[in-house]
Amino acid sequence: MSLHLPVISIALLLLASFVMPLLRRGARAAALPFTLSVLGAVFTVSLYLIYLVESRGAFSYHVGGWPPPWGVELYIDHLAVYMMMVLSSICLVVMVYGARDLYHEIRAEVMSWYYTLYLLLLASMIGIALTNDLFTLFVFLEISTISACGIISIKKDRECIEASFKYLILSVLGSGCVLLGVAMIYMITGYLNYDFVAQELPQAIAEYPYNILMALSLFIVGFSVKSALFPLHIWLPDAHSSAPSPSSAVLSGLVIKIYAAAILRLLFRVFPAELFEVVPVLDILLFLSVLAVMAGSIFAMVQEDIKRMLAYSSIAQIGFVFMGIGLFGNRALLGGLVHIFNHALMKSMLFLAAGLIIYAAGIRNIRDLRGIGVRMPLTMGAFAIGAFSMVGIPGTNGFISKWHLALGALDLGRPFFVAIILLSSLLNGIYYLPIVINAFFGVKIEPRSEHRDVPGMMLVPVLILAAGVIFFGFYPGPILALLEQAIVL
Amino acid sequence: MKDIVIRTVCRVIVPFVQVYGLYVIFHGHLSPGGGFAGGAILGSSMVLFALSFHLEAGAQKLGHETSSYLESGGGIWYILIGLLGLALGSNFLTNRAAGLGFGLPGQLFSGGMIFLLSLGIGVKVASTMFTLFYNLSEEEGSGGDHQ
Amino acid sequence: MEAVFYNFMPIWTVMFPIFMSMVIFIISRRSEKLRDGLSVATAVVTFFSVAAMYPYLAAGNIIDYTIFDILPGLGVSVRVDILSFSLAIISSFVWMLVAIYSIDYMSHEHGGDRYYPIFIFTLGSCLGIFMAGDFFTLFIFFELMSLISYVLVIHEETREALRAGYKYLIMTIIGGLALFFAIILTFELAGTVSLSQGTLITAAGTLPFLAFLSFLVGFGMKAGMFPLHVWLPDAHPVAPSPASALLSGIMLKTGAYGMLRVLFTVFNIPLVKETGWDMIMLVLAVITILLGSAVALTQEDLKRRLAYSSVGQMGYIILGMALLNETALVGDVFHIFSHALMKSTLFLAAGAIIWKTGLRNINDLQGIGKKMPVTMGAFTIAALAMIGIPPLNGFLSKWTLALGALEAGAPLYVVVLLISSLLNGLYYLPIIIAAFFGGEEEEEGGHHGEGIPFNIQEAAHRMVIPVAILGLACIVFGLMPNNFAFELSLRTASFLINAGMP
Amino acid sequence: MEVNPYVAVGILLLMAYVFFYLPAGYIRHVLIVLLVFIIGYALVMTVSEMPTFGAVDTPAHNVVPERYLGRAPEETGAVNVVTAIITDYRAFDTLGEVVVLFVAIVAALSNLKAR
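Residue numbers (the numbering used here), protein chains in the order written: chain A, 13 to 501; chain B, 91 to 237; chain C, 97 to 598; chain D, 3 to 117.
Since the hints were made in silico from the structure, they are not lab data. Since we're looking at a predicted model, the values are computed, not measured. From the three backbone atoms N, C-alpha and C, an ideal C-beta is built for every residue, glycine too. Don't take each hint at face value.
[Said to hold, decoys possible] Output of the computed footprint for chain C on chain A, the stretches with three or more beta carbons under 8 Å from beta carbons of chain C: (1) 213-219; (2) 443-453.
[Said to hold, decoys possible] EDC-like mimics (lysine to aspartate or glutamate), calculated; alpha carbons at most 20 Å apart, straight line: (3) D:Lys115 <-> B:Glu228; (4) D:Lys115 <-> A:Glu174; (5) D:Lys115 <-> B:Glu155; (6) D:Lys115 <-> B:Asp93; (7) D:Lys115 <-> A:Glu66; (8) C:Lys467 <-> C:Asp374; (9) C:Lys466 <-> C:Asp330; (10) A:Lys168 <-> B:Glu228; (11) C:Lys263 <-> C:Asp330; (12) A:Lys178 <-> A:Asp250; (13) B:Lys92 <-> B:Glu146; (14) D:Lys115 <-> A:Asp169; (15) D:Lys115 <-> A:Glu212.
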């Protein structure tokens, strides 16, 4: 039975999302507890799956009982359960927050739609993490694209529509690239299953080099657009800053990462290593990631809107994940992967904290945040922890990922990238810390009349995430142990 | 659209279209077609009806509530059938191996899960088309009112 | 049993103030008296906890205990050897006195509720740096102390303070990142960053050189070494005086401590000598000494002058360790003691004056010595010690440093020391002379706008006594060449010369 | 088929710049035409190398369609192989497609009703 749990959790999420629109009138109040219990169940399942995979190793699941290459296969390995754990935990915490915040940002009538989209987004991301089949990957990619657009545009203002439209166009372009790539791979190998494709590709290189190259570049472009790797990031600041705060937290924290994890799987499990000797894909990713790290930080420095700043910072941080992929060493990869979780924790926490500030004081502009720390000490305290983690102060989890990335770069004898990491950390410090400083010290502003009290239910998730940032800064052992097995691909 | 010719023709055509849609859905496992195609035919028949008569008339035949019930119902149906495979001790969405396959190939009631899944897909596609059409046209109408 | 007890002593010593800072934070809402008392009590208990480790360490033992591992080969651990102890004991001693001093000083300032918890927390993290068992733990506490002490720097929350604080913060982060780079390089090269493994890097090369440079930047930033000193003269004067005393007297020493560890544990003497990296430090140290002393001359603001003087004095300490021989090291460690005592005396005395008169400009302090004889007396002692007048402790440390320089065959540095002493004299003596012998004519001139109000008296007892104790300590440690501090310095130096091994 | 990473990154950056940032004008037109030629060239190279459409020896003619075509009726009970693939062999993908429809309509409706 426990082997069915991965597919059951996807089915459960889908089922819950189908049921959600049916909850009408009286039953509407049940939507939130229902959503939370489903998310909680999935989170529990993901923890159990980690235990399962740790104890009995990776296993594959044949949906419909058909063995690959005929049927669809889910492959539950360490990376998949890791991603599933990250996704479900952050989603759960963010939803606890969103329960109150959303009423402030979107209309009550569309709340159940929001839950639907949210559950679908989680389901599709888990699907992307678990699947071992190119076409299933594409299908879940579509679901995640549309639902991600949905949770942006659901807010009732014009910016959101524009932003999500931009996102939709580019994201669908990305999906199209991926689809074309999948079709090409299928054409030259005759399989869709990762393992079978990987088996066939080495022979196909000689025969169809341009096709493989084209498929690879389509995948890279497609996934880069979706995960906002540097030159293709232009949709991200608008989309992530205008969305409701819980959406921003999930989008920045999780959605862009899952595509990075997907391309990681494709690169290391599907495409043969010989290909990388001819085509320096990893170097290309590495250069782009360096550009992303620098450009994201520099753009973030000039932002006035706090959520926009956080969004640009995400561009820099996704660069770290890709740097881990591009460096292609065990330790660097470990750093990149652990940064997925670490950044998910801190960025969702920062977005939620920003959301709290917007909720309580109605302020978005960084200049207006002066003195906010005196009024909202816990929120800004959490924000400060997130800021420190972004800079990579030891004792926060941001340090752990930077430590591994830097060591990984040194392992490969490329200290240049350590310099890049440090420089980016410095830039992070330059734009994050003044916010914290201004919030706590300096000019005192008398309380505004519009100041609202922060409900505990919104504050607790932020504090939980902040505690996570500290906890995993001191105790990253379990996560790293899991990932060390995950990178033995 | 108060044209008598259109109305009469549609009144005659729509049942045939719907029957054909159902036929395509039910014979998905025997002949070209299936849930997607049949559902689209079914949905377009209802769209045609609503276009030729009146939006309200269409809504009377198939209300928003019902439509959204069908919408979700199609998906729930699909997943429940998938879970049936689990309940029978096999994998998710397993057909014959779980003992769901019945009937001889070529007969109408054969293929087990396939038949049921096609039905779910058909309902889903039809209601999707219909709902989308309705909401978009209503949106235009209300937009016009404001102006 | 004894070993187990002593293994937990450092943890207790570090964690107790950190824990108490939270208690103080909570208490401070209830009662100000209790808050003040608790802060002093914490500092006193911490001092005695540090002191309690002495018998064990004096017996030649080293406390070395790994608490837990964060990553393989990278954990949180404590290690107390004689060097750690020397720095910890002087820090907690000064801290204790400053805590007593703070009670009255802060009673007129705002934000005491914030000041005391941070003050005590900084004590914990500072001791954490000294008692860290590996560079990672050291780094944690280093960053913790640097970031937390930001709050002390900007305590006044004036525009000036905030600007200085921002500069401080950015420089701290740059230093922290350099340190991070250095630690990561060391880890990469040696596989560990523990302090108890003996020499970590034994071969020269590009990466070891990068590590050395990064360490130099990281710790040099904290120590106010040229050209990374730019934050120091801004940040130290704007802080409240007790905090300035700690920043200048103690926290700068964390950088010196780190450099000592780098020179004698990460690298070793032959390697540094062979590669000529010591020349980098020597040159920078000489520039730091001369620059600090010379710029101090031009400062009108009393605390700013003291801050620049700190830059110069840190130059001595860097010079002492870069000479790489035992005599110089004795002088070096002893100068850490001396400078901690002298500079805290000076800042606390300056604080008392500012607290009483509100005057910061040196030209306005005519005749202050007659009004506040004890405070100015202590100031004078410390200033004379700074110049290096025998028999004060500053003389002893300079003398030993000079001997070390001669032993190293570099009399040039003796000249540098002399020039610097001369400059010290040039900028300290006018203050003293004006304080005791000036001011009559202005007093007769009636109400001078910037002059000292005529009703000024000695500051509150709880402020004067710590100043007096520190001033006396300057004499005591200078009068008796076989004092406790000098003994410690001797043992530390021989310990360090043996590459950090007992 | 050596690919220079610098050139690849350069082309990507140029593309992003031209498409997203460059204001409309003469230069943009020229550059777009240039880029379209580059992409077009790559695509032509790709297409010219593709296996002949419908040929028997294409890689896609392997065990997968063999089993689908040969054994679908007995294994699934469906005579129509396409349906057998869609709703049995790869029913999970079809579930995904159903969800795509659903999510599309939910996203559209939430958008419409949000105003």
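ask   = Quick check: which numbered hints come out false for this structure?
value = Numbers 1, 6, 7, 8, 9 and 15 - these are the hints that the structure violates, sorted from lowest upward.
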